[in-house]
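Peer 1: Below are the chains, spelled out letter by letter.
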Amino acid sequence: MQKICFQLNGEKAEAEIEDYLTLLEVLRDRFSILSVKEGCGIGECGACTVLLNERPVYACLTLAVKADGCDVKTTEYLSKDGTLHPLQEAFVKSGAVQCGYCTPGMLMSAYALLQEEKTPTEEMIREGISGNLCRCTGYIQIMEAVKDASQI
Amino acid sequence: MLPRFRCLVPKNKKEALDMLKDEGNTRVLAGGTDLLVDIRKYTCCPETLIDITRIREFKRPFDRVSGILSPAATHAFASGSGEIKQDFPALALGCAQVGSPQIRNMATIGGNIANACPAADSVPPLLIYDTRLTIESQGEEREEALEGFLLSPYRSSLKRDELITAIKLKKLKGYRFGFKRLSIRAALSIGRLSVAWAVKERSGAYEDVKIAVGSCTPVAFRAREAEMFLKEKPVCGGAVKEAEEMITAGIREKTGERPTHAFKLPILRNILTEAL
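Residue numbers (this note's numbering), protein chains in the order written: chain A, 1 to 152; chain B, 1001 to 1276.
Any given hint could turn out to be false.
[Said to hold, decoys possible] List time: in silico BS3-like cross-link candidates among lysine-lysine, alpha-carbon distance up to 25 angstroms:
1) B:K1233 - B:K1171
2) B:K1200 - B:K1168
3) A:K3 - B:K1013
4) B:K1159 - B:K1013
5) A:K37 - B:K1041
6) B:K1085 - A:K118
7) A:K118 - A:K73
8) A:K3 - A:K73
9) B:K1231 - B:K1241
10) B:K1059 - A:K3
11) B:K1168 - B:K1013
12) A:K80 - A:K37
13) A:K12 - B:K1011
14) B:K1085 - B:K1170
15) B:K1264 - B:K1241
16) B:K1085 - B:K1173
17) B:K1254 - B:K1231
18) B:K1173 - B:K1231
19) B:K1170 - B:K1200
20) B:K1014 - A:K3
21) B:K1200 - B:K1241
22) B:K1085 - B:K1171
23) B:K1059 - A:K73
24) B:K1011 - A:K3
[Stated by the list, open to error] Examples of chain B residues toward chain A, derived with CB under 8 angstroms:
25) L1002
26) R1004
27) R1006
28) C1007
29) G1032
30) T1033
31) L1036
32) R1040
33) S1100
34) P1101
35) Q1102
36) I1103
[To be verified] Coverage of chain A stretches by chain B, computed from C-beta distances (three or more under 8 angstroms per stretch; other residues unrestricted):
37) 20-27
38) 61-67
It is worth saying that the hints were derived from the structure and are not from the lab.
No residue lacks a Cβ here, since even glycine has one placed at the ideal position from N, Cα and C.
Pulled out of the complex, with its shape left as it was, chain A reads as follows (with noise of 0.2 angstroms):
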């Protein structure tokens, strides 16, 4: 058993977890983030994307001890009061969201990029969400979302 403390969404965490869970399993089971999905469970489809100190990790592949004295945010972080962020309301504009799975990962890896590079070009959006799977939209449309975000 180990202590972490760490940063979630903007707010102090503190948690007693066991060596082997992972920050997927922590943040779902303890903190009810339940925007973190597992899907691979290997670190390919990226639906348990969080960012750790900003920078897009598969929650899946990392062990919760790493988390400790880091920043953690994840989808929860980007809607204030029920107001989606301009990123998620991007999505909804342009039908980049189907059946959902892929989406809040998909969210925080266009989130992490868009606060890099302002206004990325085509092929920035392609590599910034290449570890992302989505298999209903096909892509396009997440990618039309994620330019249009970069225009506000």
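We have chain A already, so just place chain B on it with the hints.
Peer 2: Relative to chain A, chain B alone:
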């Protein structure tokens, strides 16, 4: 859920080396992008993981003066750092093509080397920079060339209680560099062929050429014979074709005939023609 294990988080190198000595069934955890997948698939069942990413001595990812990379430097750092792009451009190119942004943010160069995967994308670039590793265990230190360190797929000369503590690259001046990787789809999938090169020309002839090839043989290799052959040969002429022949013949000798040769070897020849 992952099978149970303990995870120790040493604060400095000495603590880590003591833990490696004292603990029984351990594995070193760096980024974890390979190790946690193996643990999840039960292909590796350690009782204790030792997370080396918080070691004080490894905090600084790169020291420009000595050309030393921290084993905990991530692929995102190696592909994005202005200093690496300038001093070791082939490494930056290679690391940019690993996995996905999420993988590159966690996966480390030390882990890529220690895992000894034949398709490790950072290895061919590291080979052309004549990379040497500092390897330490409790009370002992040795240095070894990366070229000899890798023994066979997923096997290296690293002993159970040893840790890679520094990755030293040699700067090459006056060369042009490149890296090319072939895989089934652009992102995520494992490399099927990777080539790194450094070429120095003088008055229409090759002064020095370094070529490293990954994912073709059990261990990524430097094409030493072809490199020697190309020395002082004119740039325009048949020498490149002959060198390509040497390299592909060498691969056939190491692996025997393989079905993948039908596409790998012609593509390798094309990449080399373009590069040289």
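Peer 1: State for each hint whether it applies.
Peer 2: Checked hints:
Between K1233 of chain B and K1171 of chain B the alpha-carbon distance is near 24 angstroms, which keeps this suggested pair within the 25 angstroms criterion. Distance check on the hinted pair: K1200 of chain B and K1168 of chain B sit about 21 angstroms apart at the alpha-carbon level, within 25 angstroms; holds. In summary, the hint linking K3 of chain A to K1013 of chain B is supported, as the alpha carbons are separated by about 22 angstroms, within the 25 angstroms threshold. Proximity of K1159 of chain B to K1013 of chain B is assessed by CA-CA distance (about 16 angstroms); at most 25 angstroms being required, the pair is judged to hold.
Taking the CA atoms of K37 of chain A and K1041 of chain B, the gap is near 19 angstroms; set against the 25 angstroms cutoff, the hint holds. Straight-line distance between C-alpha atoms of K1085 of chain B and K118 of chain A comes to about 23 angstroms, which keeps the hinted pair within the 25 angstroms bound. For the hint pairing K118 of chain A with K73 of chain A, the CA-to-CA distance comes to about 19 angstroms; that is within 25 angstroms, so the pair holds. Restraint check: the Cα-Cα separation between K3 of chain A and K73 of chain A comes to about 19 angstroms, which is no more than 25 angstroms; the hinted pair holds.
At most 25 angstroms may separate the alpha-carbon atoms for a hinted pair to count; K1231 of chain B and K1241 of chain B meet this at roughly 14 angstroms. A C-alpha spacing of about 22 angstroms is found between K1059 of chain B and K3 of chain A, which places the hinted pair at or below 25 angstroms, so the restraint holds. Between the alpha carbons of K1168 of chain B and K1013 of chain B the distance comes to roughly 18 angstroms, so the proposed pair stays at or under 25 angstroms and holds. For the proposed pair K80 of chain A and K37 of chain A, the alpha carbon gap of about 21 angstroms is at most 25 angstroms, so the pair holds.
Between the alpha carbons of K12 of chain A and K1011 of chain B the distance comes to roughly 23 angstroms, so the proposed pair stays at or under 25 angstroms and holds. Between the alpha carbons of K1085 of chain B and K1170 of chain B the distance comes to roughly 14 angstroms, so the proposed pair stays at or under 25 angstroms and holds. For a cut-off of 25 angstroms, the pair hint linking K1264 of chain B to K1241 of chain B stands: about 16 angstroms separates their Cα positions. Among the hinted pairs, K1085 of chain B with K1173 of chain B is consistent with the structure: their alpha-carbon atoms are about 14 angstroms apart, no more than 25 angstroms.
Of the supplied pair hints, the one linking K1254 of chain B and K1231 of chain B holds, its CA atoms being roughly 24 angstroms apart against a limit of 25 angstroms. A hinted pair counts as satisfied when its Cα atoms are at most 25 angstroms apart, and K1173 of chain B with K1231 of chain B qualifies at roughly 17 angstroms. Annotation: proposed proximity of K1170 of chain B to K1200 of chain B holds, straight-line Cα distance about 15 angstroms (limit 25 angstroms). Only pairs whose Cα atoms come within 25 angstroms are accepted, and K1014 of chain B paired with K3 of chain A is accepted, the gap being roughly 23 angstroms.
For a cut-off of 25 angstroms, the pair hint linking K1200 of chain B to K1241 of chain B stands: about 18 angstroms separates their Cα positions. Straight-line distance between C-alpha atoms of K1085 of chain B and K1171 of chain B comes to about 12 angstroms, which keeps the hinted pair within the 25 angstroms bound. Restraint check for K1059 of chain B and K73 of chain A: the C-alpha separation of about 23 angstroms stays at or below 25 angstroms, so the hint holds. The suggested pairing of K1011 of chain B with K3 of chain A holds, with an alpha-carbon distance near 16 angstroms, which does not exceed 25 angstroms.
A least Cβ separation of about 5 angstroms between L1002 of chain B and chain A falls short of the 8 angstroms threshold, and the interface hint therefore holds. Here the hint on R1004 of chain B is kept, as its CB sits about 5 angstroms from the closest CB of chain A, short of 8 angstroms. The closest approach between the C-beta of R1006 of chain B and any C-beta of chain A is roughly 5 angstroms, which is under the 8 angstroms cut-off, so the hint is satisfied. For C1007 of chain B, the interface hint holds, since its Cβ comes within 8 angstroms of a Cβ in chain A; the closest pair sits about 4 angstroms apart.
Of the supplied interface hints, the one on G1032 of chain B holds, with its beta-carbon coming within about 6 angstroms of a beta-carbon of chain A, less than 8 angstroms. With 8 angstroms as the threshold, the beta carbon of T1033 of chain B comes within range of chain A, its nearest partner Cβ sitting at about 5 angstroms, so the hint holds. The closest approach between the C-beta of L1036 of chain B and any C-beta of chain A is roughly 5 angstroms, which is under the 8 angstroms cut-off, so the hint is satisfied. At about 6 angstroms, the closest approach between the beta carbon of R1040 of chain B and any beta carbon in chain A falls short of 8 angstroms, and the interface hint on this residue holds.
For S1100 of chain B, the shortest C-beta to C-beta distance to chain A is roughly 3 angstroms, which falls under 8 angstroms, so the interface hint holds. A hinted interface residue such as P1101 of chain B counts as satisfied when its beta carbon comes closer than 8 angstroms to some beta carbon of chain A; here the least separation is about 5 angstroms, so the hint holds. Here the hint on Q1102 of chain B is kept, as its CB sits about 4 angstroms from the closest CB of chain A, short of 8 angstroms. At its closest, the beta carbon of I1103 of chain B sits 6 angstroms from a beta carbon of chain A; the interface hint therefore holds under the 8 angstroms criterion.
Residue count for the stretch 20-27 of chain A with a Cβ under 8 angstroms from a Cβ of chain B: 4. That meets the three needed, and the coverage hint holds. Closer than 8 angstroms: that is the beta-carbon criterion, and the stretch 61-67 of chain A has 5 residues meeting it against chain B, so the requirement of 3 holds.
The structure fails none of the hints (numbered hints given earlier).
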